[in-house]
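Visitor: These are the residues of each chain, in order.
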Amino acid sequence: MTSAPPAAPAMEASASPAPPARSGPAAALPPPRPVAAMTVFFALLRRDLIVARREIVSFLIRTALQPLLTVMVFGYLLPSMGFTSRGYVGVLLPGILAISLAFASLQSVALPMMTDFGFTREIDDRLLAPVPIGLVPLEKVVSGMIQGMISALVVLPMARLIMGPIPGLSVDNIAVVLGVTLLGSATFASLGLWLGTAIPPQQIGLMFSVILAPMIFFGCAYYPWAGLHKVPVLQYAVLANPLVYVAESLRGAVTPSLPHMPLAASCGAMVVIALLLWLAGHRSFWKRAMS
Amino acid sequence: MRSGAPRAPSVRTRIERRIDVTLIEAQPSIAPSAHAAIRTRALRKVYPLAPARKGAPRPGASAAARPGAAPATATGAPSTGVVALEALDLEIRAGEFFGVLGPNGAGKTTTLGILTTRVLPTAGEAQVAGLDVVKESVGVRRVIGVVPQRPNPDRQLTVRENLVFHASYFGIPRAIAEARTSELLATFEIADRADSKVDQLSGGQQQRLMIARALIHDPHIIFLDEPTGGLDPHARLALWETLKRIHREGRTIVLTTHYMEEADRLCERVAIIDRGKLLALDTPANLKASAPGGTLIELTLDGDAAAALDAARALPGILRAEAERTRLRAFAERGGESIAGLIRAAEQAGRTVVDVHFAPPSLETLFVSMTGRRLE
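Protein chains in written order, with my numbering: chain Z, 1 to 291; chain U, 1 to 376.
Keep in mind that the hints were calculated from the coordinates and are not lab data.
We put the beta carbon where it would ideally sit given N, CA and C, even for glycine.
Take the hints with a grain of salt, since some may be wrong.
[Claimed, not checked] Below, a list of computed lysine-lysine pairs in the BS3-like style, where the Cα atoms sit at most 30 Å apart:
id : chain 1 : residue 1 : chain 2 : residue 2
1  : U       : K277      : U       : K244
2  : U       : K244      : U       : K197
3  : U       : K277      : U       : K135
4  : Z       : K287      : U       : K244
5  : Z       : K230      : U       : K244
[Claimed, not checked] Sample of chain Z residues facing chain U (criterion: CB under 8 Å; computed from the structure):
id : residue
6  : E122
7  : R126
8  : L127
9  : L128
10 : V210
[Unchecked claim] Listed next, with one range per pair, are the computed distances between beta-carbon atoms:
id : chain 1 : residue 1 : chain 2 : residue 2 : range
11 : Z       : L178      : U       : A186      : 43 to 53 Å
12 : U       : F358      : Z       : F208      : 54 to 64 Å
13 : U       : L120      : Z       : G168      : 51 to 61 Å
14 : U       : H234      : Z       : E55       : 56 to 66 Å
15 : U       : G230      : Z       : A264      : 51 to 61 Å
16 : Z       : A37       : U       : T326      : 21 to 31 Å
17 : Z       : T120      : U       : V354      : 32 to 42 Å
18 : U       : H234      : Z       : T120      : 19 to 29 Å
Here chain U stands alone, though its shape is the one from the complex (with noise of 0.2 Å):
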C-alpha cells in the first residue's frame, strides 16, 4: 500500500483516496491549516490526584491508572496531578486517515477523550472541524463518530433500537434512520441479529455495531479507540477492511493503537506518543526511514545486563548497545548473526538468557530507540 518517495505520495497510486484527499495532494502548498479536520495546540491534561479514601474509580481516567506516570510528591501534596498529556501539538487533515501509536498510558485515549469533547483539557486548545472542542462542543458533536475502546452498547434495547434510537439522538428523523439502520446491518453483517438484545452478540459483533452506530448519523470525522484490542487475527483483518472501506468514503478516521502493524498497514500519517508527549510524527513510511540502522535484538537476562554491556559493544556488527536493568539491547547489522555474540557475551559475565526478541528496522525498533521501552 505504501511504496515510493513518501513525501510527495502519486495521487493516482493511491486509489483508496480518491475522494477528497487529492484537493490536499495536489496543492502542497497550501496552508496545512486551511484543511485541518482537527488542531490541537500546546494541548495538556492532568488529572487530580484523587483522594485515596474515595472508592469510586474515575470514568474514562484508565490513563491515570498507569504506573509511573505520576510525578507526585513525596509529600503526597494535592497540588500535582496526573499528566496525561504534556503539550500536544497535532494537526489532522480532512480525509485523512491518522494513528496515534503508543503503548498502554501513552495519553492515546486521553487525547481521543479531549477530541471527542469527553475530557476537558487543563490547558492548551483543540479543534475539531474548525470548531472549539470546549466552547463548540455540541457543533463538534455534531460531526464526528466515536467507536470506544470497550463496547458500550445499550443494553436495555435491542441490535437495531440501538442504532434507530442512536440515530434519533441525532435528530435523524425515523424513516430515514431505519433506513440506514438496515443498511448499516447488512453492511457490518448482523441484520441476522437485528432483534436479538445486544448480550447475545459475540465481541466482534459487538464491535461492529459499535462501528454502524458511530456511522449511522453519518458523520465527517470518526474516532476509534483501540478497536481491534479484543479481536481475534480475522475480526482484525475484517476490521480493517472495514475501516479502510470507511475512509474511501471521505471520511476522516482517528485510530490509537498500540499495535505497530496496526498502524503501519491503515495509517497515512503516525503520530508516536509516549507519557503524554509527541515523539515523532510522519508518514509510516518515513518513521520507518528514520529508525535506527539494523535490526533490534533484545535479550533479557536473569541479572542486571549491564555487565554485559561493553562485551556487546566490543562485538562486530553491533551499531550501538544499551542495558537497562535485565535487558540488554543491541542494534546489529546484520540481523541473526550477531545473536549468539550477545548470548556469549551475556554468559561470559555470568548470566542466563532468559528471552530473545528480535526485530527487523520498523515502528518497532524506531519506537524502542526513542523511548528505550517495547511497545507491549
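Here chain Z stands alone, though its shape is the one from the complex (with noise of 0.2 Å):
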C-alpha cells in the first residue's frame, strides 16, 4: 500500500469493467463497483444473526423466560390445584407462543436500534452502504422477525412439556402455523422499529411499563377475545392492541377446534396494522438516520 501503483492488487482483480464516466481523474484507482442491494441485505442480515447467535443464552433468557413462567403458574400449578380447569391450557398455549414470538420480535428491533442511534451511532457503518436507506431498517425487521419465530420455537415444545397434553393442539396445519407467525413477527418487529427509533433511550423502562405491559395483559393471551364479550366496552377497545391478532391466529392455526377470531379477520388485521407500523417505524428511523 505505501508505493505506486496505488491500485491494491487483490481489489483490481475483481474490479468491474464499468467506470463511471464522471469520476473524474482519479482513473489510478479502481473504479466502483456496482453493488447489488440484495447481496448488501444478506451481508447486514449474516452480521445481525452473527450478533444474535454470540447472546443466544441472554436473549433466550429476555424472551422465552418470563412465558414459561407463565406457563409454569397458569398452565401447571394452577390446573394442579384445581384453581383452574385443564382445559384452560389450550386457551393458554397460544397465547403464549404469541407474547414471545411478538416481544422477541420487538426487542430484537428495538434494543439495537437505542444502541445504534445512541451516543457513538453505531449504525453509520451501515448507513454508509450504497444501497437505498431504507434497506438498513428493512433487513432490521426481518432479522427480528427471524428472532422471533426463534424464540417461539423454543417455547412451544418446552411449554408442551410443562403443561402435559394440551386438548385440541394441532400443528398439522404448517402452512398456517408459519404465514400467521411471519405476519405475527413482521407486525411487531415493525413496532420494535418504531419503539426503538421514535423513544429516547432513557424512557426505555418507561415504555415497557407503560406500553409493554398493558399489551400483555390486555392481549388475549391468557384468555380468548370471544370471551370478552361479557365486558363489551373491553372487547371492542382491546381491538387497538396488536397482540390480539397475533394471540387470535395463533390460536386459529396451532388449537383451530377451540373458539377464536375468524383467520381472514385477525391476518387482515395484522397485514394492515403490520404496514402501518412500518411506514411509521420507516420515517422515524430516516430521521434519525438523515438531518
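Mind assembling these two chains? They're in different frames, but the hints should get you there.
Guide: Below you can see the structure in the form of C-alpha cells.
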C-alpha cells in the first residue's frame, strides 16, 4: 500500500469493468463496483444473526423465560391445585406463543436500535453502504422476525413439556402456522423499529411499563377474545392492541377446534397494522438517520 | 513541504502528488469543474429548532448546539432555525488534499454531513464525483470513505469483523474482503488486536481502525472530520503520515480541523469557514501571505479593553489595534518588542493583564483578523 502503483492488486482483480464516466481523474484507482442491494441486505442480515448467535443465552432468557414462568404458574400450578380447569391450557398455549413471538421480535429490533442510534451512532457504518437507506430498517425487521420465530420455536416444546398434553393442539397445518407466525413477527418487529427509533433511550423502562405491560395483559394472550363479550367495552377497546390478532390467529392455527377470531379477520388486521407500523418505523428511522 | 510561488507549483518538487494531480497541474487552463471531485453551489443548511420539550438530542446536529449562532427571534417563532451553513460555494479537485478550517460550530461537520449524504441541505446543491448528494446518494456512498469525528466502530464485532463486515456492506466478496482486511490491519498496526473486541482498543487504535474501515472498499474520496481531535501529539504525527500516504495513492482527501498547523502542514488548499460562511479559500502559503502584517499580540485584561485602546494605537510599531470586551488585540511590526508598551498602556488605563497571547503571521493571525476571534 505504501508505494505506487496505488491500486491494491486484490481489488483490481475483481473490479467491475464499468467505470462511471464522471468519476474524474482519479483513474489510477479502481473504478467503484456496482453493488446489488440484495447482496448488501444479506450482508447486513448476516451481521445481525452472528451477533444474535453470540448472545443466544441472554436473548432466550430475555424473551422465553417470562412466558415459560407464566406457563409454570397458569398452565401447571393452578390446574394442579384445581383453581383452573385442564381445558385452560389449550387457551393459554397459543397466547404464550404469541407473547414470546411478539416480544422477541420487538426487542430484537428495538434494543439494537437504541444502541445503534446512541451516543456513538454505531449504525453509521451501515448507513454508509451504497444502498437506499430504507434497506437498513427493512433488514432489521427481517432479523427481528427471525429471532422472534426462534424464541417461539423454543417456547413451544418447553410449554408442552411443562403443561402436559394439551387438548385441541394440532400443528398439522404447517402452512397456516408459518403464515400467522410470519405476520405476527412482522407486526411486532415493525413496532420495535418504531419504538426503538422514536423513544429516547432513557425512557426505555417507561416503554416496558406503559406500553408493553398493558399490551400483554389486554392482548387476549391469557384468555380468548370471544370470552370478552361479558365486558363489551373492553372487547372493542382491545382491538387496538396488535397482540390480540397475533394470539387469536395462533389460536386459529394451533388449536383450531377452540374458539378464536376468524383467521381472515385476524390476518387481515395484522397485514394492515404491520404496514402502518412499518411506515411509522421507517419514517422514524429516516428522521434519526438523516438530519 | 510548501515553497516557491504557490500559484504555479512545480510538479517535480511535489513528489507526493505525482500520481494524477499532475494532470491538473500540467494543464492550468482546463476548466476547474472538469476535474472537480466535489462541488457545492449556494449550499445552505438550517436546522429546525427542536421543540424545547423534546428531550431526545438530534443526531449529528452538534452544530446546532453552538452558542450565539441561532438567529432566534425574540418571540421564538418556529419559522427560524439554526443556520449552520449560509451559502457555501466550494470546488475541490480530484486528487486534492483539501482542508476545511474553522472553530467549533463553524459548519464544518454540517458540510461533511451533506457531502457524505447524511445531512440533507436546506437549499443549494452539492455534487460528489459528479453525483448529486441528495438524488444520487447511493452512487455517492459508493465512492466515498468517511472517518467520523468520534470513533463509532461496531462494538458487537471484533476488530477484524468490523473491517470484513464493512467490506460486505459494499458487496465486496468475502475472500477479497479478508485479504484486504489483513493488509489494512497490518498497515495500521492493529493486526495484533485483530480478534479483540473493539472496546479493548486505545483511542488511537480505534481511530486507526476507523481509517482502515474508510479505506476497505478502496474509495476515491476520503472525508475525515477532525480526525486528530482526541489524539496525543505522537499519534497525531503518525496519523499525518498515514494521511499523506493515502493521498499519494491518488485519493482526494477532505479534512476538517480546527488546528491551524494541521491545515498548514497537510493541505494543498484550505477553506476557512466561520459561522457557516466561507471566509477565504487558497493555498496555505497564499493565505498566510494575505494575513495582515505583523505579529498578533492579544492581551486579556481584567476589565473593558477599550480604555487602553487609544494608548495602544499611539505606540510606535503598532500597525492596528482593536478592543473587544476584555481583549486588547494589536498587530505589531516587530513582534515581542511591543508587548511591554502594550502592557504599560493597559496598566495606565487602570487594567491588569491576566493573559498574553502571541502569534507570528500565520493562518491564525489571518483568522483573527477576519473574524475577530481566535480559533480554539
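Visitor: It remains to establish, for every hint, whether it holds in the given structure.
Guide: Results of checking the hints against the structure:
1. U:K277 / U:K244: 28 Å, holds
2. U:K244 / U:K197: 29 Å, holds
3. U:K277 / U:K135: 25 Å, holds
4. Z:K287 / U:K244: With Cα atoms ~36 Å apart, Z:K287 and U:K244 exceed 30 Å; violated.
5. Z:K230 / U:K244: 77 Å, violated
6. E122: Hint on Z:E122: holds, closest Cβ of chain U at ~5 Å, below 8 Å.
7. R126: Holds, because the Cβ-Cβ distance from Z:R126 to chain U comes to roughly 6 Å (cut-off 8 Å).
8. L127: 7 Å, holds
9. L128: Because about 6 Å separates Z:L128 from the closest Cβ in chain U, which is inside the 8 Å limit, the hint holds.
10. V210: 16 Å, violated
11. Z:L178 / U:A186: 43 to 53 Å: Holds, at about 48 Å.
12. U:F358 / Z:F208: 54 to 64 Å: 59 Å, holds
13. U:L120 / Z:G168: 51 to 61 Å: This hint holds: roughly 55 Å between Cβ atoms.
14. U:H234 / Z:E55: 56 to 66 Å: Since the Cβ atoms of U:H234 and Z:E55 sit about 37 Å apart, the hinted range of 56 to 66 Å is violated.
15. U:G230 / Z:A264: 51 to 61 Å: Roughly 59 Å apart at Cβ, these two residues keep to the hinted range, so it holds.
16. Z:A37 / U:T326: 21 to 31 Å: Violated, at about 58 Å.
17. Z:T120 / U:V354: 32 to 42 Å: 38 Å, holds
18. U:H234 / Z:T120: 19 to 29 Å: With Cβ atoms ~24 Å apart, the hint holds.
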